[in-house]
Amino acid sequence: MPAKPKIAFFDFTSCEGCQLTIVDLLQTHLGLLDLVEVVQWREAKTEKGEDYAIAFIEGSCSRASDEARLKQIRERAQVVVALGACAHLGGVNTMKNRWVMENVQTYVYGKDGQNAYETYPARPLSAVIKVDAVIPGCPIDRHEFLRIVQQMLQGRTPKLPDYPLCVECKLSENSCLNKHGKPCLGPITRAGCDAICPTYGDGCEGCRGWATEANFVHMREILRGHGLSDYEIDMKLTMFNHYQMHELGAKAPLTTSTTENVPLPTSKFSAPQED
Amino acid sequence: MYATPLINQKTTLTPRSYDGHTSIFLPTVATITDIKTETRLEKIFTIRLPNGQNLGQIPGQFVMVSIPGVGEAPISIMSSPSRTTDTFRLCIRNAGDLTNVIHTLQVGDEIGIRGPFGRGFPWETFFGKDMLIAPGGLGLAPARSLIDQIIDHRTNFGRLIILYGSRNPSELLFRDVLAEWEKRDDVELMVTVDRPNDTWTGKVGVITTLFEHVQINPFNTVAVTVGPPIMYRFVTMELLGKGLNPEQIWMSFERRMKCGVGKCGHCQVNHRYTCQDGPSWTYAEALAFEEAL
Amino acid sequence: MSLYILSKEKLPEFVKALQAKFRVVGPVRTETGYEFDDITDPEQLQLDYSTTILPPKKYFLPQHEVLFQFHSGPNGKGNKHLELRPIYQDVQPTVIFGVHTCDMNGIMLYDKVFAEGFRDEHYMERRAQIYIIGIECLHPCDEASFCKDMGTLTAPPIYDLHMTEMDGHYLVDTGTEKGERLLQENLYVQMAQKEDIQRLGQLLSAKWPRFRMRLKVSKDQTPSLLALGYKAKIWEQLGDRCLACGSCTNVCPTCFCFDVEDRMDINMQDGERARVWDSCQLREFALVAGGHNFRGKKSERVRHRVMRKGKYIKQVHGLLGCTGCGRCERACLVNITIPATINGLHDEMQLESGS
Numbered sequence: 006m007p008a009k010p011k012i013a014f015f016d017f018t019s020c021e022g023c024q025l026t027i028v029d030l031l032q033t034h035l036g037l038l039d040l041v042e043v044v045q046w047r048e049a050k051t052e053k054g055e056d057y058a059i060a061f062i063e064g065s066c067s068r069a070s071d072e073a074r075l076k077q078i079r080e081r082a083q084v085v086v087a088l089g090a091c092a093h094l095g096g097v098n099t100m101k102n103r104w105v106m107e108n109v110q111t112y113v114y115g116k117d118g119q120n121a122y123e124t125y126p127a128r129p130l131s132a133v134i135k136v137d138a139v140i141p142g143c144p145i146d147r148h149e150f151l152r153i154v155q156q157m158l159q160g161r162t163p164k165l166p167d168y169p170l171c172v173e174c175k176l177s178e179n180s181c182l183n184k185h186g187k188p189c190l191g192p193i194t195r196a197g198c199d200a201i202c203p204t205y206g207d208g209c210e211g212c213r214g215w216a217t218e219a220n221f222v223h224m225r226e227i228l229r230g231h232g233l234s235d236y237e238i239d240m241k242l243t244m245f246n247h248y249q250m251h252e253l254g255a256k257a258p259l260t261t262s263t264t265e266n267v268p269l270p271t272s273k274f275s276a277p278q279e280d
Numbered sequence: 121m122y123a124t125p126l127i128n129q130k131t132t133l134t135p136r137s138y139d140g141h142t143s144i145f146l147p148t149v150a151t152i153t154d155i156k157t158e159t160r161l162e163k164i165f166t167i168r169l170p171n172g173q174n175l176g177q178i179p180g181q182f183v184m185v186s187i188p189g190v191g192e193a194p195i196s197i198m199s200s201p202s203r204t205t206d207t208f209r210l211c212i213r214n215a216g217d218l219t220n221v222i223h224t225l226q227v228g229d230e231i232g233i234r235g236p237f238g239r240g241f242p243w244e245t246f247f248g249k250d251m252l253i254a255p256g257g258l259g260l261a262p263a264r265s266l267i268d269q270i271i272d273h274r275t276n277f278g279r280l281i282i283l284y285g286s287r288n289p290s291e292l293l294f295r296d297v298l299a300e301w302e303k304r305d306d307v308e309l310m311v312t313v314d315r316p317n318d319t320w321t322g323k324v325g326v327i328t329t330l331f332e333h334v335q336i337n338p339f340n341t342v343a344v345t346v347g348p349p350i351m352y353r354f355v356t357m358e359l360l361g362k363g364l365n366p367e368q369i370w371m372s373f374e375r376r377m378k379c380g381v382g383k384c385g386h387c388q389v390n391h392r393y394t395c396q397d398g399p400s401w402t403y404a405e406a407l408a409f410e411e412a413l
Numbered sequence: 227m228s229l230y231i232l233s234k235e236k237l238p239e240f241v242k243a244l245q246a247k248f249r250v251v252g253p254v255r256t257e258t259g260y261e262f263d264d265i266t267d268p269e270q271l272q273l274d275y276s277t278t279i280l281p282p283k284k285y286f287l288p289q290h291e292v293l294f295q296f297h298s299g300p301n302g303k304g305n306k307h308l309e310l311r312p313i314y315q316d317v318q319p320t321v322i323f324g325v326h327t328c329d330m331n332g333i334m335l336y337d338k339v340f341a342e343g344f345r346d347e348h349y350m351e352r353r354a355q356i357y358i359i360g361i362e363c364l365h366p367c368d369e370a371s372f373c374k375d376m377g378t379l380t381a382p383p384i385y386d387l388h389m390t391e392m393d394g395h396y397l398v399d400t401g402t403e404k405g406e407r408l409l410q411e412n413l414y415v416q417m418a419q420k421e422d423i424q425r426l427g428q429l430l431s432a433k434w435p436r437f438r439m440r441l442k443v444s445k446d447q448t449p450s451l452l453a454l455g456y457k458a459k460i461w462e463q464l465g466d467r468c469l470a471c472g473s474c475t476n477v478c479p480t481c482f483c484f485d486v487e488d489r490m491d492i493n494m495q496d497g498e499r500a501r502v503w504d505s506c507q508l509r510e511f512a513l514v515a516g517g518h519n520f521r522g523k524k525s526e527r528v529r530h531r532v533m534r535k536g537k538y539i540k541q542v543h544g545l546l547g548c549t550g551c552g553r554c555e556r557a558c559l560v561n562i563t564i565p566a567t568i569n570g571l572h573d574e575m576q577l578e579s580g581s
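Protein chains in written order, with the working numbering: chain P, 6 to 280; chain X, 121 to 413; chain V, 227 to 581.
These aren't lab readings, by the way, just hints derived from the structure by calculation. Hints should not be assumed to be uniformly reliable.
As the list claims (entries may be wrong) - Each computed EDC-like pair below joins lysine to aspartate or glutamate, with the alpha-carbon atoms no more than 20 Å apart:
1) V:Lys-284 with P:Glu-178
2) X:Lys-323 with X:Glu-302
3) P:Lys-9 with V:Asp-491
Produce the entire structure from the sequences given, and follow the hints as far as they go.
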């Protein structure tokens with residue numbers, strides 16, 4: 006890696022919140038710009054350079070037509086980094102994969118929905134191109150982003166914790182949510198966020214993906230202890246990690262089908278009424 | 121309670137004093153004075169301590185090598201005490217994050233050194249014995265500190281048999297030195313590779329295939345084997361088959377280490393800390409630890 | 227050494243006097259229980275607390291402790307040049323109030339671990355400035371406690387002061403010279419009278435029946451039981467259940483294993499090396515650079531932890547590694563407990579020997 010590598014940011018299906026986190030990080034760590042040269046960043050910069058060594062890509066791939074652009078970035082960059090849960094896991098975008106795509110399209114945009122927009126089951130970048138490093142989270146942890154950039158500049162392989170969130174909760178002396186009636190996926194979720202959600206009283210939803218040794222059998226047991234049904238547990242496990250749960254298949258079976266025959270929700274956000 | 125006398129344990133650089141305090145974690149800043157590329161994966165680093173201080177190691181000991189900002193890892197010392205003056209040498213394989221960065225260092229760069237740590241091979245207790253040394257792969261680096269020490273005190277020992285196994289010819293370490301040993305009348309060297317290439321004319325097979333070519337006096341031989349964990353099971357079988365008892369077989373253990381001073385817990389084998397009570401153990405000692413082999 | 231009487235009303239006065247010269251910490255109430263924290267107002271101090279998630283070990287070995295700072299930049303010739311400066315973190319006069327007897331036993335083990343062999347001055351310098359004020363346990367914390375089994379229901383001789391609540395007073399024993407001075411210099415206290423001491427004796431002897439025994443073997447038998455049970459089936463069962471989350475070791479008052487981490491500033495030249503709590507229950511704990519994992523299976527790791535608590539640490543430091551505080555049991559989400567493990571192992575070994 007050259008002394009001051011050229012980097013670029015790209016976005017696919019996402020809220021762009023991870024890039025926003027980096028913009029915010031620059032307010033306190035402007036020195037980052039002494040380490041790298043940003044040549045393309047739609048969210049933060051007008052100029053567009055196509056000569057880059059490291060590509061940070063936010064967002065999942067949710068359209069067949071996105072694949073070509075991803076492959077082009079892959080060809081140009083020496084290193085591709087998946088930025089955030091959508092790029093890393095598919096993330097919340099993959100919740101739609103629970104239903105047949107045509108039904109999703111009609112549900113959202115009415116009977117002409119199938120012609121209204123292009124879609125296919127959302128997937129992580131790694132399902133389309135080779136990914137060299139990952140910065141997990143929804144959104145990413147700014148300190149982890151910084152650390153991983155530093156590791157790459159040192160010529161190292163970026164390293165993520167492979168153990169569950171519980172480690173960080175204990176170090177912060179948080180009272181365990183699962184012990185106090187709040188479902189928390191911390192015991193199976195990869196650490197690295199300093200257990201930010203549990204620290205503020207919210208159960209972990211698994212946005213950083215699973216820890217290497219995630220024990221799904223006993224996680225389900227814990228969640229059942231909170232009175233969650235098998236269906237509700239499946240919904241929890243597939244909120245960010247729908248794609249991963251299907252990849253895991255028989256190794257961590259879902260108890261209910263989440264791809265077909267699941268009725269579309271009838272909530273207050275129900276489909277627009279047709280005249 | 122099982123207790124091994126901790127012999128040969130000494131350290132010259134740790135703890136280090138600073139402003140009236142001492143710290144067992146503070147490395148001594150040393151300078152790289154030479155780098156030699158040995159194979160595709162290994163480089164030999166010559167390192168000079170401040171004021172040319174002698175490292176004061178025993179064969180089989182290790183140092184903790186630091187690159188502040190990257191990390192620290194245990195590395196076996198390749199130099200024998202007999203050949204250590206104001207510098208010592210480390211043969212480092214590019215096998216992980218830290219060693220990868222170490223391989224990018226240049227002559228003149230500074231690194232951190234703590235140690236030497238651990239129980240080395242009690243080479244003086246081997247006086248008068250025939251020595252059978254069986255290193256596998258990178259194991260030749262720590263074994264070499266013992267071999268050179270024996271060669272430099274050659275009259276104190278009986279035969280010196282070296283059985284060296286490597287995965288393939290390109291991974292053979294110290295080819296120039298192997299050639300020197302080959303020429304000597306008082307060294308019996310045999311080398312084998314698992315996967316030969318077109319130009320290889322030597323023996324082919326895993327290290328254990330060499331044992332049938334050598335006869336030893338089981339009453340007066342000490343065997344020392346250094347290599348990957350999987351190798352020990354097979355090499356010890358060969359040695360036992362030649363009539364050696366477990367007390368006559370020495371080996372060196374690799375474990376994850378974070379402190380080198382018996383605190384961090386990573387290198388524990390049963391209740392023993394490899395960094396302090398090892399890395400050299402007799403096979404008899406290892407047999408008493410379920411976690412050893 | 228000597229017993230004094232301290233009336234409950236005078237405790238805040240004592241705490242206030244100490245605050246002028248010391249960092250004062252002790253058990254305080256949280257939303258769900260208690261934790262050791264800095265005392266800013268004497269009213270926060272809850273000496274009748276049950277238990278805390280983390281033991282007071284965090285003041286002896288902080289979760290994240292900087293060992294040295296470094297500067298690593300090019301010298302005049304363009305070579306990498308290093309400057310290192312050791313840091314002794316959190317070395318300050320500190321008084322810890324309300325340490326239970328189990329936790330004092332944990333600290334006693336820590337003192338051995340960090341003093342024996344290579345002396346760890348990062349620990350020892352901090353330790354030298356800590357005053358331990360114990361509180362006598364008259365009731366078990368809860369159902370998870372098994373301190374009576376582990377013999378930690380008596381205060382070990384490491385406290386500077388030790389308080390026992392009695393009839394609206396505290397009876398204070400001074401364990402050390404420095405404890406004696408701490409008390410005398412900061413408060414006017416009277417020596418306990420003959421009747422007080424008699425009453426204390428009654429109080430202490432009356433407390434024992436309130437604590438139950440949970441182990442089927444005595445603590446002195448656990449090393450042999452564990453030696454016999456190395457290949458027992460129970461380890462596989464526990465390994466299947468284990469979440470490998472490290473909670474049991476992080477909350478343990480005797481666990482001291484740590485990892486070492488470097489952090490760099492944004493300038494990529496300055497930084498620090500720190501030790502952070504690590505756990506033998508995590509997958510990478512015994513993984514080496516070549517990829518070999520010496521404890522790759524969860525069952526091996528659960529076994530290693532129990533072996534350490536009940537056997538290995540005693541072999542090395544002469545003390546058992548379990549204080550019976552029950553924290554690991556409270557923290558575990560899959561109900562892996564030391565008593566059930568030891569008892570299960572005992573049953574399995576009995577079955578095996580046919581008795």
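Satisfaction of hint between Asp-491 (chain V) and Lys-9 (chain P), Cα-Cα up to 20 Å
Holds: Lys-9 (chain P) and Asp-491 (chain V) sit about 16 Å apart, inside 20 Å.
Proposed proximity, Glu-178 (chain P) with Lys-284 (chain V) (alpha carbon, max 20 Å)
The hint holds at about 10 Å.
Taking only the CA atoms, is the gap from Lys-323 (chain X) to Glu-302 (chain X) under or equal to 20 Å?
Holds - the C-alpha atoms of Glu-302 (chain X) and Lys-323 (chain X) are around 14 Å apart, at most 20 Å.
The structure shown violates none of the earlier numbered hints.
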